[in-house]
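Enquirer: Below, each chain spelled out in residue letters.
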Amino acid sequence: MAKEVSSFLWFDYVLTTDQVTAVVPDAASFKAGKALAVDRKWDMLGGDADIIWGLAKGSGKNPYQTQVTLGQMAYKCSCPSRKFPCKHAIGLMFLAAENPALLTEKERPDWVSEWLKTREANEKKAETRAANRATDKPKDEKAVAQRQAKKTARIEEGVRQLQQVLLDLASNGIGREEICQQRYWDELARRMVDAQAPGLAGYLRRLGDLPNSQLDWESRLLHELGNLYLLAGNYTRIEDHPEPMREELRQLVGLTTDKDTILAQSGVSDRWFVAARRQSQQDRLTTSATWLYGRETFRWGLKLEFAVPPSRPREHWSLGATVKTELVYYPGLAPDRILPRSDSVSAQQETLPKPSDSGLSAMLERYAKQLEQNPWRARMPFLIQLHPAIKDAQLYLVDEQSNGIPCEASKDVQLLIASLSGGHPTLVCAEWNGYQAQPLAIADGASWVSLQEIAS
Amino acid sequence: MKQPESLIAIGLSGASRYQQLPPPPHAVLADVWSRIDESNLPQAVLHASALDGLARRSGYQPMTDIALSDPAREETKVQIQDAAVVAAQRMIRGEFTHGWTEWLRLCQRHGFIAAPRLLPALLDLGTQQRNLRPLIRAVVGERGFWIARKLESWSWVL
Chain F
17 MAKEVSSFLW FDYVLTTDQV TAVVPDAASF KAGKALAVDR KWDMLGGDAD IIWGLAKGSG
77 KNPYQTQVTL GQMAYKCSCP SRKFPCKHAI GLMFLAAENP ALLTEKERPD WVSEWLKTRE
137 ANEKKAETRA ANRATDKPKD EKAVAQRQAK KTARIEEGVR QLQQVLLDLA SNGIGREEIC
197 QQRYWDELAR RMVDAQAPGL AGYLRRLGDL PNSQLDWESR LLHELGNLYL LAGNYTRIED
257 HPEPMREELR QLVGLTTDKD TILAQSGVSD RWFVAARRQS QQDRLTTSAT WLYGRETFRW
317 GLKLEFAVPP SRPREHWSLG ATVKTELVYY PGLAPDRILP RSDSVSAQQE TLPKPSDSGL
377 SAMLERYAKQ LEQNPWRARM PFLIQLHPAI KDAQLYLVDE QSNGIPCEAS KDVQLLIASL
437 SGGHPTLVCA EWNGYQAQPL AIADGASWVS LQEIAS
Chain W
48 MKQPESLIAI GLSGASRYQQ LPPPPHAVLA DVWSRIDESN LPQAVLHASA LDGLARRSGY
108 QPMTDIALSD PAREETKVQI QDAAVVAAQR MIRGEFTHGW TEWLRLCQRH GFIAAPRLLP
168 ALLDLGTQQR NLRPLIRAVV GERGFWIARK LESWSWVL
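Just so you know, the sequences run in chain order F and W.
Just remember that my numbering sits 16 ahead of the position in the first sequence, which is counted from 1.
Just remember that my numbering sits 47 ahead of the position in the second sequence, which is counted from 1.
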């Protein structure tokens with residue numbers, strides 16, 4: 017962070033233009049919000065570690081009271097607009113992101129303190145309600161059980177279909193034209209969606225990306241088909257397995273676990289470094305995946321957020337920041353997916369963390385251990401000081417012991433990685449899938465830079 | 048009995064053309080390979096593929112013969128402040144692109160160099176806009192000259 021603004025106490029909290037842009041509902045709001053992100057449109061601009069506020073000068077006699085909490089990015093404005101967030105909230109956020117020094121007031125006005133108090137009370141009520149829900153018996157147990165049985169039967173039928181498809185593929189071979197077409201895999205995926213097994217559908221759709229993606233893609237496709245058959249076979253015998261395996265299989269097939277049940281478990285408290293984030297779109301659903309890295313426990317947690325366009329997943333922990341909080345792991349085999357205990361914690365700027373592994377050999381060993389526990393683990397993140405190097409037009413990441421692994425990166429990403437390293441070892445966050453690494457973020461001096469934005 | 052020479056051979060042309068599995072791809076798999084039930088050969092191929100994939104992924108050996116290029120020389124000038132990086136990023140995204148000349152001039156006049164994360168975009172800018180080249184050359188620093196050697200279209204910097 018630049019020195020001259022860090023003297024503002026609340027500026028420890030990071031609000032970036034990208035974050036603001038992500039919550040803007042449409043182009044008109046963006047334009048109107050941007051126009052309001054100037055000093056002269058406001059009175060009483062102020063902020064602290066939790067909230068920013070200001071009086072928006074409107075056309076009427078009374079100015080609008082606009083406020084935004086920094087933890088959850090919750091908005092409130094006294095204007096009559098039905099857009100959410102309204103242009104005043106957007107303007108205030110842009111102003112805070114671009115020109116934080118303008119928020120000079122430190123004392124919270126009454127209307128700000130009051131709203132925060134109401135929010136706090138509502139949160140408590142919601143918690144109590146959730147706790148009650150968790151203990152309450154469902155109203156009509158019989159109907160619920162019937163629905164559940166019907167769904168289970170459909171999934172089982174879908175899994176049996178999948179087993180047959182895989183056996184046919186193995187029998188006829190994958191050296192056929194139709195196998196190379198995305199259409200073939202999309203059609204299989206659709207059948208799994210009909211069978212209410214979205215996890216299997218996603219798996220199949222990803223297989224459609226493999227053909228011709230690299231030299232040994234046929235061999236990789238065979239591995240994946242074998243793994244999928246293993247998954248289907250184990251799912252049909254799910255009751256024979258111990259609980260963590262049962263949970264893993266349920267999640268892989270695509271059954272959702274109730275959030276309250278997960279949050280009833282105890283979690284892991286740490287200062288979590290927001291190491292990487294990537295957004296993808298599939299089936300009219302935007303998924304935002306964030307890797308969090310525990311500075312003290314050295315554990316990794318994957319936070320997933322979903323949204324249906326035009327809204328975008330809400331992410332209030334910006335890349336490169338650190339969040340002191342408790343994360344609760346989903347049940348399963350060597351689980352990595354998490355839910356934060358509370359969403360309202362704000363992120364702080366800290367120095368970059370220490371590497372997650374002493375080198376690539378240690379990382380590869382950690383990956384082998386995860387596969388031993390969970391053969392369906394697709395990818396594992398790491399954070400290591402590495403040299404980028406190019407050999408035969410292929411990017412490699414090389415560690416201090418001169419071990420190197422191949423990297424999947426576009427030409428643009430390769431050049432950016434090279435620029436940032438300047439040929440020196442540089443802290444890189446990437447995912448390893450057993451074949452190649454996908455770089456996600458990298459250090460630029462003391463800053464932390466995403467490699468995903470330019471990749472997409 | 049017709050035996051395929053490799054897993055990929057039977058995988059590509061299909062189990063229906065063969066009567067048994069190929070030999071194990073690696074000695075570590077020999078024991079478990081011999082225990083795969085071959086009476087249902089398509090199923091045996093899928094089981095063998097899963098084993099092969101897991102063994103390869105967990106036994107991955109890193110490369111040890113990758114030559115590193117010489118690092119860029121130490122910079123003699125100071126890097127621009129974060130606020131100037133943010134302004135440049137907005138221009139890279141297409142906002143206020145007429146501001147480039149002013150941005151580059153200010154950067155040069157105060158003896159600053161650009162942050163490394165801006166370099167590919169700045170070098171691309173100079174490739175497209177010939178008139179900005181002298182200014183860009185002045186602000187890319189040692190790192191800029193170093194990276195420009197890696198791409199033909201950036202050779203105008205050198």
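Keep in mind that the hints were calculated from the coordinates and are not lab data.
Keep in mind it's a predicted model, so treat the numbers as computed, not measured.
Treat each hint with caution, since some may be false.
[Unchecked claim] Derived DSSO-like pairs (lysine-lysine); straight-line CA-CA distance at most 27 Å:
(1) Lys-197/W x Lys-427/F
(2) Lys-158/F x Lys-275/F
(3) Lys-122/F x Lys-133/F
(4) Lys-166/F x Lys-275/F
(5) Lys-77/F x Lys-99/F
(6) Lys-407/F x Lys-197/W
[What the hints assert, rightly or not] Now the stretches of chain W that chain F is said to cover, found in silico as 3 or more residues with beta-carbon under 8 Å:
(7) 69-79
(8) 160-166
(9) 172-186
Glycine included, C-beta positions come from ideal geometry on N, C-alpha and C.
Enquirer: Confirm or reject each hint.
Expert: Comparing the hints with the structure gives:
Between Lys-197/W and Lys-427/F the CA atoms are separated by roughly 11 Å; this keeps the pair inside 27 Å, and the hint holds. For a cut-off of 27 Å, the pair hint linking Lys-158/F to Lys-275/F stands: about 23 Å separates their Cα positions. Restraint check for Lys-122/F and Lys-133/F: the C-alpha separation of about 18 Å stays at or below 27 Å, so the hint holds. Taking the CA atoms of Lys-166/F and Lys-275/F, the gap is near 22 Å; set against the 27 Å cutoff, the hint holds.
Of the pairs offered as hints, the one joining Lys-77/F and Lys-99/F holds, with about 22 Å between alpha carbons and a cut-off of 27 Å not exceeded. Proximity of Lys-407/F to Lys-197/W is assessed by CA-CA distance (about 12 Å); at most 27 Å being required, the pair is judged to hold. Under the rule that three or more residues need a Cβ within less than 8 Å of chain F, the assignment of the stretch 69-79 of chain W is violated, with 0 such residues. Counting residues of the stretch 160-166 of chain W whose beta carbon lies closer than 8 Å to any beta carbon of chain F gives 4, which reaches the threshold of three, so the coverage claim holds.
For a cut-off of 8 Å, the count of residues in the stretch 172-186 of chain W with a CB near a CB of chain F stands at 0, and the three-residue condition is violated.
Checked against the numbered hints given earlier, this structure breaks hints 7, 9; the rest are met.
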